[in-house]
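Engineer: Those protein sequence lines, which keep their order, are chains Y, F and Z. Per the numbering used here: the first sequence = residues 1 to 238. Per the numbering used here: the second sequence = residues 1 to 221. Per the numbering used here: the third sequence = residues 1 to 256.
Among the hints, erroneous ones may be present.
FRET-style restraints, in silico, Cβ to Cβ [claimed, not checked]:
id, chain 1, residue 1, chain 2, residue 2, range
1, F, Ala48, Z, Asn157, 36 to 46 Å
2, Z, Trp34, F, Asp189, 22 to 32 Å
3, Z, Arg23, Y, Asp77, 49 to 59 Å
4, F, Asp189, Y, Asn166, 51 to 61 Å
5, Z, Val243, F, Gly41, 52 to 62 Å
6, F, Leu202, Y, Pro120, 31 to 41 Å
7, Z, Trp34, F, Ser191, 52 to 62 Å
8, F, Ile111, Z, Ile123, 41 to 51 Å
9, F, Leu107, Y, Phe37, 31 to 41 Å
Far from chain F by the CB rule (all over 10 Å, computed), these chain Y residues [claimed, not checked]:
id, residue
10, Asn76
11, His96
12, Ala193
These are computed hints drawn from the structure, not numbers from a lab. Here a beta-carbon is modelled for each residue, glycine too, at the ideal position from N, C-alpha and C.
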Amino acid sequence: MRRRWPRNLAPDQMPILDVQYLACRRGGRILFAGLDFSLSKGEAALALGHNGAGKSSLLRVLAGLIPPFTGRILWNDEDTRQEPYDFRAALRYVGHADGLQTNLTVIQNLRYWAALYSAPTERLALTDALAAVGLDDLADLPARMLSAGQRRRLALARPIATPSTNAHTAGLWLLDEPTVALDRPSIARIESAIAEFRERGGIVIASTNAPLTLPGAQEIDVSATVLDLEDAFEDAYA
Amino acid sequence: MTAFWATLARDLLIARREGGESLLAVIFFVLGAMLFPLGVGPEGSLLALMAAGVIWVMALLATLLALDRLFQADWRDGTLELMALAPDSLTLVVAAKCLAHWLVTGLPMVIAAPIMALLLNLPPEGWPALLATLLIGSPALSFIGAICAALIVGARRGGVLMTLLALPLYIPTLIFGAGAVQAAIGGFDASGHLAALAAITLAAAALCPWAAAAALRQAME
Amino acid sequence: MAEATASPNPSGGFWHRLANPARFQRLSAWLMPWLVLITVGCFGAGLYFGLYASPIDYQQKDTVRIMYVHVPAAWLAMMSYSTLAISGFVALIWRHPLADVAGAATAPIGAVFTFLALFTGAIWGQPTWGTWWVWDARLTSVLILFFMFLGYIAIRNAFDDRARAGRAASLLAVVGIVILPIIKFSVDWWNTLHQPASVSKLSGSSLDPAMLRPLLIMAVAYMALFGVLLLLRMRLELTRRQVEALQMARAGASAS
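Pulled out of the complex, with its shape left as it was, chain Y reads as follows (with noise of 0.2 Å):
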């Protein structure tokens, strides 16, 4: 099912990622259906929902972990699910757990995912990917001393330290909860390393029940659709 944009749009305008009647079904149950956007260049999302809703669901099946019950994610007009590779070069995921090693220092982990990118790994440009989220003086600490703030901007550091090689995109960030555990410093120092990577042209899609301020993004409500699973399972396999 292609879908078909206005003739008008500028290249600049047309949507890179998007996701089509997108459903997800966790444990038995439909989090949410029926759910249709898109997003281009520079632009935003806000996931919306009460706890439990699906926000992380969403986030986890937009980054290709859980399959989608159903309905498609096109990035690049390329189906996700099909051809990840581009999507996973450009794709960078900020989930609920930190991903840090607690025995190696900041820097070490930090360097793990440069190299896992291929973006660069010296000491300088690990540095000012942590001065970003303010722990450059913190380097060489192990990660195990971090407090639980401290820990999640050296997770927010990661698409920070790993900026995408790719000319045409700059990327797609998710971020599930980004600013849990922040102070307000913290918070506007990640608000404006988004800011920073939207000028840039990346896509930002973040879930949040805490305040995070994106100018102009869409709001996705991921409240329960709360599908009959019978019905569902009709549709699926009627």
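Following the hints, complete the assembly by docking chains F and Z onto the known chain Y.
Structural biologist: For chains F and Z alone, coordinates are given in the frame of chain Y:
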């Protein structure tokens, strides 16, 4: 391939930081073998008959013990799913982790093997074969075990369950490994056994990372 | 309306429609009496021919009759594991919901058949070899197979999340069926190496046709029994899942 080398370096660095934890498996290896003389009596000729099999069984069990640390820690702190989202295939990451695991637990067992051979009165004709089989066959143990570790990552009572899953899969390696040593002791040509063992290790190295990566992806859904 | 584009399912078709639980229940209810009929009939005929109206072995005399119970049990043990592996494969690739149910249902049946094969093999061994157990290549392989069934059942029970348990078990079954020939080969090789003298009475020597006929009848009887047990367990499992789904729907409805 950057994912492979980066992950290998990282896992080796972590193992070095954790220090003694990685050597626990080798200690179990030697300690467990020591139990056999205590159990069956110190008579030299009996031990000589059993030595090859006992050493190989202990190698299996010690590897199983150490497999716990292959994926559990990364699963718990969320690193594993980030690795799955990297552009390079998860198979490469898993292969690197298996190799690091072998370097940290398997290789020390090969180094400890002469001590074991001494304690268990392995006839001298068997010593070269023992070292050869452990060197060739212990990587297979790490690779095959990785599939089981991936299947049960995050499960409760995962350790014991993994034993039940992995031991049947280890049987061919055990048969050819111990068989080679016993052939050497008996004066027969062990090259056939070694060739079979090498085939198992190569096949495991080629296929198991892919299967383990598939298991990890299934676990993340 | 939302399309089911999630899985690479071939369009429509028999299997697609069968995935509807209600439809499966109806179909299996219709099939069941026929299967029971075949089972009872074949067991009757097979046991009559096997235990009474067939010739005795030159050396083993009457004890050879255990073969009619033991050999089909071993065949069914292998057929059960193959079913497990195929259902696991289908569950992983096509995510067909019945495949997962079939796998969960087959495992205990396979374990019982395997145990039966081991048990009758031991009974057969006593008069033949003079001991209850011997490390014969076949018995050893079947023993390993038994533990592979137990492993499958154990991994299904290791996770609270039923979907995760199903996926892990399916993958295990597929890995198992790939490694099983290698295990069999290495055990055969190990056995010939260590026991060159003993010629296994269970080896596939050419059978007198008068012995082959009851053996095949018993094999069909066992297969029909497998079918009956499998369908029974699948129906039970499906009903259990439907009850659970209703309970969850009620919980979901009251929360919002």
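Engineer: Where does the structure disagree with the numbered hints, that is, which hint numbers, in rising order?
Structural biologist: 2, 3, 9 and 11
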